[in-house]
Amino acid sequence: MAVPEETAGGSDVDALDVGAAVAAAHRAHWAAVLGSTVRITRDLDTAEECVQDAYAQALRTWASAGIPDRPDAWLRTVAGNRARDLLRRESVWRRAMPLLVEDATVPDPQDADESPAVADDTLRLIFTCCHPALSREARIALTLRLVCGLSTAEVARAFLVQESTMAARITRAKKKIATARIPYRVPTAADLPERVSAVCDVVHLVFATGSNAPVGETLIREDLVASAVGLARTLYRLLPVPESIGLLALLLLIDARRATRATEAGDPILLEDQDRSLWDRAMIAEGADLLTEALRSGPPTRYAVQAAIAAAHAEAPSFEATDWAEIVALYDVLLRLWPSPVVELNRAVALGMRDGPQAGLSALDRLAAEPTLATYRYLSAARADFLRRLKRWPEAATAYEEALMLTDNEAERSYLAMRLATISFKRTQAGE
Amino acid sequence: MSKYMLLIYGNEQRWETISPEEMAEIDAGHVAFQKQAGDRVLAAGQLEPSSTATTVRGDGSAPAVTDGPFLETKEVVGGFYLLEAADLDEAVALSRVLAEARHEHSGIEIKPLVQHA
Chain A
1 MAVPEETAGG SDVDALDVGA AVAAAHRAHW AAVLGSTVRI TRDLDTAEEC VQDAYAQALR
61 TWASAGIPDR PDAWLRTVAG NRARDLLRRE SVWRRAMPLL VEDATVPDPQ DADESPAVAD
121 DTLRLIFTCC HPALSREARI ALTLRLVCGL STAEVARAFL VQESTMAARI TRAKKKIATA
181 RIPYRVPTAA DLPERVSAVC DVVHLVFATG SNAPVGETLI REDLVASAVG LARTLYRLLP
241 VPESIGLLAL LLLIDARRAT RATEAGDPIL LEDQDRSLWD RAMIAEGADL LTEALRSGPP
301 TRYAVQAAIA AAHAEAPSFE ATDWAEIVAL YDVLLRLWPS PVVELNRAVA LGMRDGPQAG
361 LSALDRLAAE PTLATYRYLS AARADFLRRL KRWPEAATAY EEALMLTDNE AERSYLAMRL
421 ATISFKRTQA GE
Chain B
1 MSKYMLLIYG NEQRWETISP EEMAEIDAGH VAFQKQAGDR VLAAGQLEPS STATTVRGDG
61 SAPAVTDGPF LETKEVVGGF YLLEAADLDE AVALSRVLAE ARHEHSGIEI KPLVQHA
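One line per chain: the protein sequences are A and B, in this order. Numbering (full-length UniProt numbering) for the first sequence: 1 to 432. Numbering (full-length UniProt numbering) for the second sequence: 1 to 117.
These are computed hints drawn from the structure, not numbers from a lab. Some clues are possibly wrong.
The following residues of chain A were derived to be distant from chain B, with all beta-carbon distances above 12 Å [claimed, not checked]:
| no. | residue |
| --- | --- |
| 1 | 23 |
| 2 | 182 |
| 3 | 342 |
A short, non-exhaustive set of chain B residues, derived as facing chain A with CB atoms under 7 Å [to be verified]:
| no. | residue |
| --- | --- |
| 4 | 2 |
| 5 | 27 |
| 6 | 84 |
| 7 | 88 |
| 8 | 112 |
Every residue, glycine too, gets a C-beta built ideally from N, C-alpha and C.
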């Protein structure tokens, strides 16, 4: 099998170094290698097998031949050769198979790191996985599996379903791509705005799932957060439009606070109790610059406004010095761009911080009839918090009990239980 | 190229009471669709209301003929196009030309035909 001869030479490469190099190449280049291989096989399953083979071969070959200067080029070549090999062998059988529709006008990939062809391969893979004709769950699963290179078991674990369930979901989605002929291409300019939104939505959902795990033992799923930030960076690099710039700004501004969002045991720490000296200042500065860039490059998008809210928190010197008036105003803008009960809930909380707990409580009461929030744990938790600040102990206790019933995340449960216990203590003190 | 069936679904009661203006808009959509799709349209048709339908089905033995549609639903297939298109995006783009794709009482289902080798 032909392999590029651009290896660093030397046969005594440390096994640890090789393992680390392959892992790094997996994180950095999986999508591009798979993308370029799909162009040859025009079939996602075959391409995936070839790319997996190439990474396995890298572990063996790099240990003896040395780590190549351009691991991505090495992997693309090996996976591509394997694909051509398979195609020759199975050409008769393959002719009968439904093939991915490929835009024939795109030239072959060049072996340059950021060549347009490589960028295009990655983008095409992202847009195929996030096609609106696929269900939202399928889009997320395919993106994590094919673009981020997570194993089916890892994707299943992230969404707390059985591995067999997730495997079936991914297989069904791949079958739809092939039989309905979802094209493997970057959408045309006319379709791009809508399709970029679908992609940003998936990346944002992966991030949200990772940074506030709805169920499970820990609050933060580092692997999902890292995948989402990586995807947002890729999108920004390849397709810097207002929406993708705003999205990256938002993710960085939130992720900059990751180290202080939970205790070592995994319990959540409220914003007001977080150690702001531990926030990642470089990441906040990068996010703020991107936010400026996003706002300069077009009308504000939903993500840019959310990023502006995150920036207002990240840049406040202390919780007390937070500019709640600005945050409420930003939520008003966000509600126009993205009307949703959850945004209204967040606005009500900010309003309570600006005008006092009674105002916040009144704003929340107006949301009580909202059916989509009926089982939303943060509504009960927010009500509980305002009632606690108003020292209305019995009502606060009921609201905390409600929130406890609605959450399946162990870390959040233990936090709410602690609040509830404190209130019982206050009630005893108050002689109630 | 692939073949797609475009099934135009809608609320039959709404269709029966449609205004002349809306009817004209729907007609214009079909004219624009056929102009854009050209000879990629392999077959097309508008269906009479489901009250005119006849169903033939059996219980494992002799088929019985009954009055009425196969499924008694409010939303029914009112028309179809059999279309040849390069991929799903092309079929979707053409579907969007139809007024039925915009109105809340209608919608278009796109199904690929099985490709026999």
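Now for the hints, and whether the structure bears them out:
1. Residue placement check: residue 23/A keeps its beta carbon more than 12 Å from all beta carbons of chain B (closest about 36 Å).
2. Non-interface status of residue 182/A relative to chain B is broken: a Cβ of that chain comes within 12 Å, the nearest being about 5 Å off.
3. Look at residue 342/A: its CB is around 25 Å from the nearest CB on chain B, clear of 12 Å, so calling it non-interface holds up.
4. Given the 7 Å rule on beta carbons, the hint for residue 2/B holds: about 5 Å separates it from the nearest Cβ of chain A.
5. The interface hint given for residue 27/B is broken, as the beta carbon of that residue sits about 25 Å from the closest beta carbon of chain A, more than 7 Å.
6. This hint is violated: residue 84/B has a C-beta 12 Å from the nearest C-beta of chain A, more than the 7 Å allowed.
7. Among the interface hints, the one on residue 88/B holds; its C-beta lies about 5 Å from the nearest C-beta in chain A, closer than the 7 Å criterion.
8. Of the supplied interface hints, the one on residue 112/B holds, with its beta-carbon coming within about 5 Å of a beta-carbon of chain A, less than 7 Å.
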